[in-house]
Amino acid sequence: MSEPIPTGATAVSATAPASATARGPLGETLLEIKGLQKHFPLTQGVLFKRTIGHVRAVDGVNMTLRRGETVGLVGESGCGKSTVSKLLVALEKPTGGSILYKGKDVARMSGRALKEYRREVQIIFQDPYSSLNPRMTVGDIVAEGWSVHADIAPRKNRLERTQELLDRVGLNPDYVNRYPHQFSGGQRQRIGIARALALRPEVIVCDEPVSALDVSVQAQVVNLLEDLQDEFGLSYLFIAHDLSVVRHISDRVAVMYLGSIVEEGTDEQVYTTPSHPYTQALLSSVPLHEPHLRGQKDRILLQGDVPSPADPPSGCRFRTRCWKAQDICATEAPALVDRGQGHPAACHFAEARAVVPVDVD
Amino acid sequence: MTQSQLDPTPRPATAGATLLEVDDLHVEFRQRSGVVNAVNGVSYTLAEGETLAILGESGSGKSVSAQAIMGILDVPPAVVRGAIRFEGRDLLQMSEEDQRQVRGPGISMIFQDALSSLNPVYSVGWQIGEMFRVHQGASRKEAKQKAIELMDRVRIPAAAKRVNDYPHQFSGGMRQRVMIAMAIALDPRILIADEPTTALDVTVQAQVMDLLKDLQRETGMGLILITHDLGVVNEVADRVAVMYAGRIVERGTVDDVFTDAGHPYTEGLMNSVPQVEAKGGRLQPIVGQPPNLAAIPSGCPFHPRCARRRLGAEAAPGRDCAVDVPPLRLVAPGREAACHYSEEVLGV
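Order-wise, the sequence lines are chains A and B.
Those letters in the first sequence? Residues 1 to 361, by the numbering used here.
Those letters in the second sequence? Residues 362 to 709, by the numbering used here.
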């Protein structure tokens, strides 16, 4: 697979839309993911386990994340987006490819370098109910990271720092001794954000951070994430299945299907001129909120289900559900390159097609 | 609360006779710690061939009111008051056996989580066929044949082959189709769909909503769609009732409500949701949290979160948001809202 986005400084300004620069200058490349793979072995037998195959959860993902920007990663359940997030925070080891952080290969890091990487790349999980320890107070949860990274907060000022953090994420600092069950879903997600912020990270991987929240609370958390990004110059990898939220928050968007990225570009490119048939189908399925736009959408109904990642189709992975599929699609996997539509798409017959009507209001 | 007989909302052209009238429905749960008022005086009607969306966040009472219609609340602790008239007969005044006779073939319901709604140890064919065996005394063979026909109707591919498969062998979207097959087996007049696509991916959601609309066109059943998704409401429903803290705060046609909200809560919801059509500016969330149903705020339950509230001296006489409960009233032709200052929200 070829490199999706040029990483040189001159190319950055060429691909960056005005909306991205409004949030702050795009800086150096922080994370560079090259041909990332994670294959989980499928085993049979109890005592003598034989490997009978592999689930190709992530299969050749290329992506870059620069300082101060938000990259959205969208895809449906089972496409491997959460595995990417686990690989990034070193909870799983890749079986192939590499993750370069500030130019250094994470897989080769150990000792102090790995510890530093884990501090600088933090994660916020989807479910604020199961990701917070019910037996720890909020203060302990937020401060826990400092027991490993003691140099971040001097021991005597920790309570003060914790309260500052709670205040910053919009929680009452007096709640420092309360337990997670005393908070609502939105407040718990704020605790998770404070916990991630406590270690002064550079990058935060947000794995479906607002999916479990009510609509009115979702917006509060999205706004908080945007404010924190401006204030601390954070970079986000924002993983979600909600295409509207991803468009709102992201500078660039990558669409994932069955372990690989099928299309990548700025939010404008991907949403107004989607070029991969899967992106088009995905966008055309999103229900619109405006009555006057109802029925104006180009509906594409996909047939069938996503194939098993243990036995993906040959060539292009989307070909079994694609209306454009030809013989070449079964034999040759399409590269993620620009075929004249202005941004890379992994389809032999990529062609820009607007499926979401433009709201003139 | 407005009497359902006087419901002024205009019917869409396709709608027929009134199937269901819910009149001043109250549901409370008596607990040791106090009384939780889940539904506080909800009224609505549903006509043949019509789709009514009930829109609300978690804890708004949208699911509990539907469960009261289905009679699947545990009584006690739940206490149900009011009237639920199906084809003119009040279900709450009937014996339990009579209720079962009416609901079984007349009203059915599908749920958000199809996997936990299906029995994992019986094949899907057996579970669909059960409807015919129990309600129509069909033989096993007939029931299985009818199950295959139904699976075909809900577009499960290779139905004859898959009829003996178990729920875990189906994908999420296919499981929801199995649930729909069971729900429409006896040709109900009303189908209640409680967040039917929330657990599904967006491409599968589109398939399932299409299926529900097609089935509705074929059978003319009334559809009550319970959801928190504004987009689904806009694309599928004819009318919408917005619920907050166990009350309907706004009601009207989807076109009207979505074009110009008449209640500050509806307005807040619209502004807080990002849209796929445009990147949009900064989101404008509703401040605060949804209320605790054991301690619903006085006056208008939305007033602590409302940007347009008027309290004390600011308020018009008898319209203090923290004191006076706003009734659901007609605020524009075909539009009802439970807000003292709805005309300001509408900008009329």
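One thing to keep in mind: the hints can contain errors.
Dumping the calculated PhoX-like pairs for lysine-lysine here, alpha-carbon to alpha-carbon at most 20 Å [to be verified]:
1) A:K156 with A:K93
2) B:K507 with B:K522
3) A:K297 with B:K574
4) B:K522 with B:K502
5) A:K34 with A:K49
6) B:K522 with A:K297
These are calculated hints, taken from the structure and not from any lab test.
Hint-by-hint comparison with the structure:
no., hint, in the structure
1, A:K156 with A:K93, "violated (36 Å)"
2, B:K507 with B:K522, "holds (14 Å)"
3, A:K297 with B:K574, "holds (17 Å)"
4, B:K522 with B:K502, "holds (15 Å)"
5, A:K34 with A:K49, "violated (31 Å)"
6, B:K522 with A:K297, "violated (36 Å)"
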